[in-house]
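**Student:** Sequence:
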Amino acid sequence: MLTDVLFLNGACYAGKLTQDELDHARRNWEQDSATCTAQIASPALTPEEQSEAEWEAERRKEGATDDDIEVMKAIRHL
Numbered sequence: 001m002l003t004d005v006l007f008l009n010g011a012c013y014a015g016k017l018t019q020d021e022l023d024h025a026r027r028n029w030e031q032d033s034a035t036c037t038a039q040i041a042s043p044a045l046t047p048e049e050q051s052e053a054e055w056e057a058e059r060r061k062e063g064a065t066d067d068d069i070e071v072m073k074a075i076r077h078l
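Everything in the sequence shown is counted per UniProt numbering, starting at 1 for the first residue and increasing by one.
Hints should not be assumed to be uniformly reliable.
[What the hints assert, rightly or not] Simulated restraints on C-beta separations:
{"#": "1", "residue 1": "Gln50", "residue 2": "Gly10", "range": "23 to 33 Å"}
{"#": "2", "residue 1": "Asp68", "residue 2": "Ser33", "range": "21 to 31 Å"}
{"#": "3", "residue 1": "Lys16", "residue 2": "Leu78", "range": "33 to 43 Å"}
{"#": "4", "residue 1": "Leu45", "residue 2": "Gly15", "range": "44 to 54 Å"}
{"#": "5", "residue 1": "Ile75", "residue 2": "Asp32", "range": "13 to 23 Å"}
Because the hints were derived from the structure by calculation, they are not lab data. Cβ coordinates follow ideal geometry from the N, Cα and C atoms, glycine included.
Given only the sequences and the hints, what does the whole structure look like? Please build it.
**Tutor:** Rendered as structure tokens:
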């Protein structure tokens, strides 16, 4: 959901949002909200075991850049 907020902030900074941008943001927000609600309603009680490569692959699928991943890795290993 944070990426939804960042998208809107970036679009507002660049100028007035188009209807397509607003529709896209609303659609994403609704999908993300439904996912969050489902995860909160039924949380996984056991931690997922995941290799570093699998974790990186998931971040890339989410749109993270190599620089983003390096920052996240540094934070994870604190």
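**Student:** Are leucine 45 and glycine 15 spaced within 44 to 54 Å by their CB atoms?
**Tutor:** With Cβ atoms ~46 Å apart, the hint holds.
**Student:** Between glutamine 50 and glycine 10, does the C-beta distance stay in 23 to 33 Å?
**Tutor:** holds (30 Å)
**Student:** Go ahead and decide if the range 13 to 23 Å is satisfied by the Cβ distance of isoleucine 75 to aspartate 32.
**Tutor:** holds (22 Å)
**Student:** Tell me if the beta carbons of lysine 16 and leucine 78 are separated by a distance inside 33 to 43 Å.
**Tutor:** holds (40 Å)
**Student:** Starting from the hint 21 to 31 Å, judge whether the C-beta atoms of aspartate 68 and serine 33 obey it.
**Tutor:** 23 Å Cβ-Cβ, so the 21 to 31 Å window holds.
When held up to the earlier numbered hints, the structure conflicts with none and fits them all.
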